[in-house]
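*Asks:* Each chain, letter by letter, is given below.
There are 2 protein chains.
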Amino acid sequence: MGARPAHHRRDVHVRQLLGGMTHGVAAAGRRSRSPHGALEAPCGGRKLCGKCRVAFVAGAPAPSAVEAELLSADDLAAGVRLACRSRPSADATVRLLPPPRTDWWKIAGAAATSVPLDPAVRVVRCRPAAATLARPTARASRLQAEIGEFQLPLPVLRDLRGEGDGRGEDGALEVVVVGDEVAEVRPLPRLQGPDDTRPAVCGVALDIGTTTIVGYLCDLRTGRQLAAASAMNPQRSFGADLISRLHAVLDDPANAERLRQLLLRAVGRIVAQCCRDAGCAPDRVFEVTVAANTCMHHFFLGLDVTPLARSPFAPVITEGLDVPASDVGLSIHPRGRVYVLPNVAGFVGADAVAGLLASGLGHGERWGLLLDIGTNAEVVLGHRERILACSAAAGPAFEGGNISCGTVARDGAISRVAWEGGRLRAETVGGSPATGLCGSGLLDAAAVLVGLGVVRPSGRLLAPEAWPEGVRAGVPWSEEPEGVVLAEGETPVVLTQRDVRELQLAKGAVRAACDILLRTAGIGPEDLGEVLLAGAFGNYMDPGSVLAMGLIPPVHPSRLRSVGNVAGTGAKLALLARGAREDAAALRDAVEYVELSTTPGFQDAFADAMRLSG
Amino acid sequence: MGARPAHHRRDVHVRQLLGGMTHGVAAAGRRSRSPHGALEAPCGGRKLCGKCRVAFVAGAPAPSAVEAELLSADDLAAGVRLACRSRPSADATVRLLPPPRTDWWKIAGAAATSVPLDPAVRVVRCRPAAATLARPTARASRLQAEIGEFQLPLPVLRDLRGEGDGRGEDGALEVVVVGDEVAEVRPLPRLQGPDDTRPAVCGVALDIGTTTIVGYLCDLRTGRQLAAASAMNPQRSFGADLISRLHAVLDDPANAERLRQLLLRAVGRIVAQCCRDAGCAPDRVFEVTVAANTCMHHFFLGLDVTPLARSPFAPVITEGLDVPASDVGLSIHPRGRVYVLPNVAGFVGADAVAGLLASGLGHGERWGLLLDIGTNAEVVLGHRERILACSAAAGPAFEGGNISCGTVARDGAISRVAWEGGRLRAETVGGSPATGLCGSGLLDAAAVLVGLGVVRPSGRLLAPEAWPEGVRAGVPWSEEPEGVVLAEGETPVVLTQRDVRELQLAKGAVRAACDILLRTAGIGPEDLGEVLLAGAFGNYMDPGSVLAMGLIPPVHPSRLRSVGNVAGTGAKLALLARGAREDAAALRDAVEYVELSTTPGFQDAFADAMRLSG
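Here the protein sequences come in this chain order: D and E. Quick note: the first sequence, position 157, residue 157 per my numbering, numbers continuous. Quick note: the second sequence, position 479, residue 479 per my numbering, numbers continuous.
This is chain D alone, in the form it adopts within the complex (with noise of 0.2 Å):
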């Protein structure tokens, strides 16, 4: 009595913690639906993608060249348009059609990383003295006496009830602190069950992207993970790529808290979601630690976006945050927190530190190049003495955005393409029927065109005269031209001349931010002990393609690694272990950000780097 008990702390392995994920997964998307009826439109609405179907229930105007050529007859029989395309010369009643394909999908890989077990969320058992007429001493001082000098929020106070009110049997108390605050006091019942019989003390680790949101649910009393579930960001409705977002609340303030809202409400269904799966309340979450790039950070906060769409690309804020859960709108515990890895600038963000934290590439002897390639791609370079970071302005097309029959690497994309006994081969996620080409199929479809002549390193797609035997032209179910069908099928998947440029520019931008971070540190590709891929391209790529469309520096290919959604795994590190926030904000401060646009050079870089050669 009197002094503060040692807190409990057991080592886990994060890969351990990450076992179950893809099946927790799988099991979640075998069973969910579409989480959101929002539209998507990877083009922002600019008439590109096809992909925002709407059926009038009544008064469907006719249907445009574009719509009649996208289009099945069924489907314009039966009403449906696109959205983009539409204009109703009367009133009219639409219904939003449900995306075509499931929003969850497969997770897998992480960075393997050990850490001690030590979460913000404690839980302490203590049993205080009861006053007396000697020692009238106040309550939470003598609760104080039993756990430590923390704070006690004015509602933790009031549930501070009298002594002998028969709630807490013997006067034993469960006290749930998160950082330096208490968040819960309840009284034990006198019998104590099993482990499993008491209530749920858990965290929720955030990955928000451009494009999807992973989260995990763990169990901070044991450092399990307990669910995981993923969903597609539905800001989507907005445009694929961050700019178009931007665009929209530079052109109506009022979108800002709309972006907002849809980003909040489907951080709430993957919370809820993951909480149905592992049988926990949502209010036993006292904590929720989130990854992201500073564009989902600001929205998601709901701080000013505008000064990212413009130069200087000033963030309001760099360092980490923690702020209670209410005020950012999240359903967990009354007095949850919500802890924000840090920025770095406003195009490398939390989720690169996050990177940086669980990839451990700060900590290497050698040099190591990290890349996160999204919409936005971060690229690292770094070892123990230096870390160098900048953004690439990818665009969408490695994940699926602006590419005629372009997704996300879900079940049904095509993520690999080879030339086999004279055709075309395409594999799929989970082997399903093609659905889809998703970024590490793109660039495999590119490099096997490339080695069969019908696209030029320049990136010229040959007329199909000049094309061998074995590969078919077919159009695809956009507005395109015809281009190479890569599957069969009900809708084949095509790739297209433009498919080809979008690549072009999306690889480029990717090589020349490589190339201008070796030059800037003073080393060559030699020197790389490590390049490591991160996300679902690095989880689905060929390394022979990588190299061979020269999306990397020309290193050997063993030192090319894909290390999975490593800002998951480093928001999970933030939820796992108070030191692993100290390690961030060290991180952040120890980066050095690299700015392209004004970096000599860079617009030689890009224009060489759009070269479809290793």
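FYI, nobody ran anything at the bench for these hints, they're computed from the structure. Just so you know, even glycine gets a beta-carbon here, dropped at the ideal spot from N, CA and C. Not one of these hints is a red herring.
Non-contacting residues of chain D with respect to chain E, defined by C-beta distances greater than 10 Å in every case (computed):
| # | residue |
| --- | --- |
| 1 | Ser-64 |
| 2 | Arg-125 |
| 3 | Ala-145 |
| 4 | Arg-386 |
| 5 | Pro-464 |
| 6 | Val-471 |
| 7 | Trp-477 |
| 8 | Gln-497 |
| 9 | Arg-498 |
Okay, the calculated beta carbon distance ranges per label pair:
| # | chain 1 | residue 1 | chain 2 | residue 2 | range |
| --- | --- | --- | --- | --- | --- |
| 10 | D | Pro-464 | E | Arg-135 | 52 to 60 Å |
| 11 | E | Arg-135 | D | Pro-481 | 41 to 49 Å |
| 12 | E | Ala-586 | D | Arg-384 | 44 to 52 Å |
| 13 | E | Ala-130 | D | Asp-251 | 21 to 29 Å |
| 14 | D | Arg-158 | E | Gly-268 | 15 to 23 Å |
| 15 | E | Arg-127 | D | Arg-501 | 45 to 53 Å |
| 16 | E | Pro-334 | D | Arg-501 | 48 to 56 Å |
| 17 | D | Ile-523 | E | Ala-130 | 32 to 40 Å |
| 18 | D | Arg-158 | E | Pro-61 | 37 to 45 Å |
| 19 | D | Arg-158 | E | Ala-586 | 23 to 31 Å |
| 20 | E | Ala-172 | D | Arg-456 | 56 to 64 Å |
| 21 | E | Glu-488 | D | Arg-158 | 50 to 58 Å |
| 22 | D | Asp-251 | E | Pro-334 | 23 to 31 Å |
Given chain D, put chain E in place with the hints provided.
*Replies:* Relative to chain D, chain E alone:
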């Protein structure tokens, strides 16, 4: 730039701050109506005081004998009855009658203390550097570089808008900081007018007593007091004394919230009244500081009061508290804070600590005795080496409670009684016609009547036959038998035998507390350098009567000093000087609490002290 600007300091004299307070309240009193319609029932519904008047709109029951006696014929005809006496036999509609007198009254006097102006609420002007592509520093970091590392809560971060949004013409900002947290960031218009055109930055100091609540609104840029207001504590509808209110909660736990809401609304009205008088918007109040006895403290904060009703009377918390005003339920600035001074024990509260702070009692070379005589009398004995404190359950007699014609010290209350020219002469507060008897008048009356032989030192009121000529018998406006008429008039003010007994109990409790503290310290009355009488009682008391009646240990009258509302002054010190909070914490830690009920000899001391003699 980059340096934290030195905080502007200026010394103010608290006596000077208090200037105009009496005027302010008197002014408020002139135009105020009763701030609430709650029933006044100093006796706690025990059918003793005759003050709980209601008007039956229809179906008035026949008046009881007591009502027939206490109410005028006009009132009876108009359906006026006493709430505690009336038991309607059928459905009826009643109207609560406003208390017959204003609820505002005079506040006067205060201890003089000089403090450097250094409030927890500070205003800082700055002009953060603009971000550049070369240094795209986060907006929050650029602000913190100017003002220091204050916390930026999420709602404030949300207010940090992008540069060049036209709100601050040249990027200049005015920042309001409360404690270690930024509460507000506002762009400054380029052209500044004189100081008084800027939005106010204010605070309110509150003294929440069992019977009365006083608030002082101060400009925190200058330290000037802008307004003051006071009101009856509407909780008195549950009884005049703390014990009645605590028992109301023991009887029905839902009463705790009812009592809290009564208090909160009254405090809200006082803050609003002060703001109206000063022409200041309530959301320009950034902090409220509170001195209160432990019971009011707990009610105000919504803490469990039941431990205060039962031995060992341990409070929920004794530390000073700094909590969001929104948690308390006060409508001031959305990020305003409430600071509550620390308590010592269940019945030695933050008001006693505030009194210690304002009186300087704990700093002197010689022993001093401080008495704050309310329903609970806090008695503190101390000098720089040692401080002893105890609480005496005086009962409400000194605030006019349970006294036939009792009232608090407001306009018309008899505050002094003398024997002049062969008859009793009553002096009233404000010189108005006598409407009741307050604590100092009660003591004076007893002293005069003991001197005349009408009352024996034992407390026995002799029969009228034994009274000298010029002393007249009369019946008070409650159900008492006849007593001594102190003032003639439409409703004469009368002192009865039971009133003398109530006085004896109150006086006995206070004097016994003094004697026990002296004995505990091992000193005698001759060691007392000063005896300080706080509160309204202290303002109006006659030192001769205080000594003649033996309310305090025998000292030379020159040592007796009235120090006014030291609790309110202490709250004001905490509002104007952060250092006062540290002093308060140190004083609280230094105080040795003496529990009278377990002190050997207390009952004997109490019995001895009931005698009406010096």
